[in-house]
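Number of protein chains: 2
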Amino acid sequence: MKKLNTTPIKDGFRMPGEFEKHSHTYILWPERTDNWRLGAKPAQEAFINVIKAINKYEPVIVGVNDTQYENVLGLVPENVKVIEMSNNDSWIRDCGATFVVNDEGIMRGVDWNFNAWGGLVDGLYFPWDKDDKIASKMCELEGVKRYRLDDFVLEGGSIHSDGEGTIMVTEECLLSEGRNPSLSKEEIEKKLCDYLGASKVLWIPEGIYNDETNGHVDNMCNFVRPGVVVLAWTDDESDPQYERSKKALEYLENEVDAKGRKLEIHKLLIPNPVLITKEESLGVDAVDGTLPRNENDRMAASYVNYYTVNGAIILPIFNDPHDELAIKKLSELYPDRQIETVYAREILLGGGNIHCITQQVPYKHK
Amino acid sequence: MKKLNTTPIKDGFRMPGEFEKHSHTYILWPERTDNWRLGAKPAQEAFINVIKAINKYEPVIVGVNDTQYENVLGLVPENVKVIEMSNNDSWIRDCGATFVVNDEGIMRGVDWNFNAWGGLVDGLYFPWDKDDKIASKMCELEGVKRYRLDDFVLEGGSIHSDGEGTIMVTEECLLSEGRNPSLSKEEIEKKLCDYLGASKVLWIPEGIYNDETNGHVDNMCNFVRPGVVVLAWTDDESDPQYERSKKALEYLENEVDAKGRKLEIHKLLIPNPVLITKEESLGVDAVDGTLPRNENDRMAASYVNYYTVNGAIILPIFNDPHDELAIKKLSELYPDRQIETVYAREILLGGGNIHCITQQVPYKHK
Chain A
1 MKKLNTTPIK DGFRMPGEFE KHSHTYILWP ERTDNWRLGA KPAQEAFINV IKAINKYEPV
61 IVGVNDTQYE NVLGLVPENV KVIEMSNNDS WIRDCGATFV VNDEGIMRGV DWNFNAWGGL
121 VDGLYFPWDK DDKIASKMCE LEGVKRYRLD DFVLEGGSIH SDGEGTIMVT EECLLSEGRN
181 PSLSKEEIEK KLCDYLGASK VLWIPEGIYN DETNGHVDNM CNFVRPGVVV LAWTDDESDP
241 QYERSKKALE YLENEVDAKG RKLEIHKLLI PNPVLITKEE SLGVDAVDGT LPRNENDRMA
301 ASYVNYYTVN GAIILPIFND PHDELAIKKL SELYPDRQIE TVYAREILLG GGNIHCITQQ
361 VPYKHK
Chain B
367 MKKLNTTPIK DGFRMPGEFE KHSHTYILWP ERTDNWRLGA KPAQEAFINV IKAINKYEPV
427 IVGVNDTQYE NVLGLVPENV KVIEMSNNDS WIRDCGATFV VNDEGIMRGV DWNFNAWGGL
487 VDGLYFPWDK DDKIASKMCE LEGVKRYRLD DFVLEGGSIH SDGEGTIMVT EECLLSEGRN
547 PSLSKEEIEK KLCDYLGASK VLWIPEGIYN DETNGHVDNM CNFVRPGVVV LAWTDDESDP
607 QYERSKKALE YLENEVDAKG RKLEIHKLLI PNPVLITKEE SLGVDAVDGT LPRNENDRMA
667 ASYVNYYTVN GAIILPIFND PHDELAIKKL SELYPDRQIE TVYAREILLG GGNIHCITQQ
727 VPYKHK
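One line per chain: the protein sequences are A and B, in this order. Letter by letter, the first sequence follows residues 1 to 366 in this note's numbering. Letter by letter, the second sequence follows residues 367 to 732 in this note's numbering.
Hints are computed from structural coordinates only; laboratory data are not their basis. For glycine and all other residues, C-beta sits at the position ideal for the given N, C-alpha and C. Hints may contain errors.
Stated by the list, open to error - Covered stretches of chain A (chain B as the covering partner; in silico rule of three or more C-beta atoms under 8 Å from a C-beta of chain B):
#1 60-73
#2 138-147
#3 168-181
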């Protein structure tokens, strides 16, 4: 399909809010044994649970390396499509296409440069060549034209859109040394607006404590709908997360969105600290150049990393006392959606959560 | 997508004639240097010409190994889809799905066991594991249910359907030692009828001389429409092809199709013998277990290996005096279709021709 040299904003395209209607969802299959313990089998079970939960509400396409093709065919529900998509790991939120739409229902893909969350500065594995082709492959599968940015590094998990001109990011991630160090904050803001069809960027200072993505916004804050956000929170002032959430709250309370609205901010308590056990650490292959999974490392657990699908929220839970609070809060915030929970510790152990392993395709493109 | 344990004939499905309307065409990209000379570059150029010719009439999807993904994206027309499909070689007619349809416009795929034209008896390369998954991957891409035959070996190039209950094959191929040696002719005939929704099988004795596929019918004879066939022919009685074509003619003259019709048979003169040159032979990597390409080997050149698309015939030509005769004959036989010629020596040097490298998807399935 055609590669475009213009920009979405010039062509009249915008990134929809995730809460807008989807056509279907993409997922990539986890496999690498230097990130996922025990040959990735426990993670694969968790991914299957996510696939089944989403599949109750919208179609799912699972991208797989050829080596796992037949295995996955036998594991997924019968109406799920399994498509070969060679990958380095399974974070399609980050390496996948960001789809944009126009008022005529035409869809296109934005294909950012992907460098595994920091390239040779602080990237999480090497190489990342296959991941960087995933966005292009999604555009081919969807049969849509593609904007490719060879010179701008971004992951889908580092942005949220309200669909009405507002993009939300963190400074910690977007201004990190491993992504676009030669660009100023203003230049980065312009790229975001040009390629997401937006006019306002909200710059939350930091993300979740110890988040290996340099603080992706999708673990920290999300749009429930235009003008309404949920923010990861803790009341424990001794938790290093406290200052991060407090700074975000103060920033958001003093900002307006692209439409000039003050934001309605809802706090979502994070679970108690999730630490890697010795057994979990020992199940991961030790490989030079891949981030190790050490005993007692604190994982960046947050309920904000839920995924919004047609008619439901796919919510990670951790067998934590705060699970029920998150379910209750999101039930109130989303009165028209079911709350589907998936026990997600095995996904978290790989460095992300349900939002990080999913990518929506807007409905209804031509 | 779902794997079925019934049969197309029980479920009311049939294989359409290739001359019935298509939705689109699949092609696989040639790459292996032990079959295609000079790193497959001359063959790739010929494949691009085939892709461009088909793309004038119907959409084309090109399946590629990941290694060639970006290269192919830059070579094909902008509206052609490039999809990752790991393969051992590029003969999608033979390893791809055979699509069947029912009267309600629903489509399904038949996924035959593929063993590289003879397995460990006289197969053309080893291994063939990736090729054997292509049919399944096409069904996933199309989102259709699949009949898988683990215990029956067949290639799509060894069958033709008239869409009205008649299948055409060669005994040379279907009864070969390397495919289904434990099955009788009657058992094979039943498999064909069950899985292609047919009631009559025409058994032409042999295919084209020196055809490494054990005489695939798609190089020897084709349905122009129900009741009308073209047959590869030579008037040179000293050519080993003469006896083969003569036996086929005698057989077909004395047969009727599934509807009880006598067949109208048109002869299509083959080109003069095409021999591999020394230079061509030297350009191919010598590898144990892959059929060598030796100087002066005669290739199985035949115009019958054309491909029928919506509104056109994609016809291989050889810069041979018989090219014009073939164009003229097919223009008469297909008054409503354009004759698009592609110089196809480089495809022939790999062991097949335009029909062998294409696979149609029927129009308009649900």
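Going through the hints against the structure:
no. : hint    : in the structure
1   : 60-73   : holds (count 4)
2   : 138-147 : holds (count 3)
3   : 168-181 : violated (count 0)
Checked against the numbered hints above, the structure breaks only hint 3 and satisfies the rest.
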